[in-house]
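Peer 1: This is what each chain is made of:
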Amino acid sequence: MANSTNPGLDVDGAVQAEVFVLWLDDATPRLTGPCGAEPWYLEIGAQQDPLDVVAAATRRVVGEPVVVHSTSWRTDRGGVVLSFVAVIDAAVVRSLAAIPVERRDLARSGATTAPESIAYQQVLEHGLRHLAWLVQDDELVAERLSGGWSAVLAGYLPEPFRNLH
Amino acid sequence: MTEIREVTCACGAFQVRGTLDEVLPLVQAHGRDVHNMDVTADQVLAMSVVVTS
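Those sequence lines, one after another, are chains V and A.
For the first sequence, the residue numbers in our numbering are 1 to 165.
For the second sequence, the residue numbers in our numbering are 1001 to 1053.
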């Protein structure tokens, strides 16, 4: 890691993408990525479409994604950080370092203020809840995440939403 | 004697050591391919540390 004596290479810029590369190991979502089992950061140029950048980078560095979707944003790391989930087939990434995704409480904001701090696990929790909603609301995502993912994401639906079905 | 420099990426997955001419294309390739960053030679010089000379 970079430290005070070695500034090192780090992503910065006004707009950055934070990508959670996820795959399903039986019924357990796992977090992986080209930089290890942690969020992966990309710089987004002023004239670039963030989704295009994330999808292309995932395809180039990790493998063909099943779904790439933006799920939240926040100010952090000296800019605006756009969070994405990138779901990918297990066969493509099984050899990469990975950790199981554990449930976390969301970072709660005030009525008109942002949360004081947000851990990446909370961003990921929100991302999976967002995917769970998309599976209910978006035919393409539902088709792409049918089967095991759909069953796992059902556990991320808020109770009132679940009661509608 | 030629300075040997080291550059580490904050992502933790990349570390390279060599002369500036050796590390420059590797750092630029990692930045471009993995992080969508255009890294200049001056930036590589600034982010590197001299480990031997």
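No wet-lab data here; the hints were simulated from the structure.
Each hint should be verified, as a subset may be incorrect.
Computed Cβ-Cβ distance ranges for the label pairs, DEER-style [to be verified]:
#1 V:Ala111 to A:Asp1021: 41 to 49 Å
#2 V:Arg94 to A:Arg1017: 27 to 35 Å
#3 V:Gly155 to A:Leu1045: 45 to 53 Å
If we take Cβ atoms under 10 Å as the criterion, some of the chain V residues that face chain A in the derived model are [stated by the list, open to error]:
#4 Gly63
#5 Arg129
#6 Trp133
What the simulated footprint calls covered on chain A by chain V, stretch by stretch (three residues with Cβ under 8 Å from a Cβ of chain V suffice, anywhere in the stretch; the number is not a length) [to be verified]:
#7 1016 to 1027
#8 1030 to 1041
The beta carbon of each residue, even a glycine, is placed where N, CA and C say it ideally should be.
Peer 1: Would you say the C-beta atoms of V:Arg94 and A:Arg1017 sit inside 27 to 35 Å of each other?
Peer 2: 30 Å, holds
Peer 1: Would you check chain V against the region 1016 to 1027 of chain A, counting CB to CB pairs closer than 8 Å, and say if three or more residues qualify?
Peer 2: violated (count 1)
Peer 1: Answer holds if the nearest beta-carbon of chain A is closer than 10 Å to that of V:Arg129; otherwise answer violated.
Peer 2: Since the shortest Cβ distance to chain A is 26 Å, the answer is violated.
Peer 1: Take the shortest C-beta to C-beta distance between V:Gly63 and chain A; is it under 10 Å?
Peer 2: For V:Gly63, the interface hint is violated, since the closest Cβ of chain A sits about 14 Å away, which is over 10 Å.
Peer 1: Is it true that the C-beta distance of V:Ala111 to A:Asp1021 lies inside 41 to 49 Å, as the hint says?
Peer 2: Check failed, 56 Å falls outside 41 to 49 Å.
Peer 1: May I ask you to test the hint 45 to 53 Å on the CB atoms belonging to V:Gly155 and A:Leu1045?
Peer 2: Roughly 50 Å apart at Cβ, these two residues keep to the hinted range, so it holds.
Peer 1: For the restraint on V:Trp133, tell me whether the closest CB of chain A is nearer than 10 Å.
Peer 2: This interface hint is violated because 28 Å lies over the 10 Å limit.
Peer 1: Can you take a look at whether the region 1030 to 1041 of chain A is actually covered by chain V? Rule is 3+ residues, C-beta closer than 8 Å.
Peer 2: With 8 residues closer than 8 Å to chain V, the region 1030 to 1041 of chain A meets the three-residue bar; holds.
Checked against the numbered hints listed earlier, the structure breaks hints 1, 4, 5, 6, 7; every other hint is satisfied.
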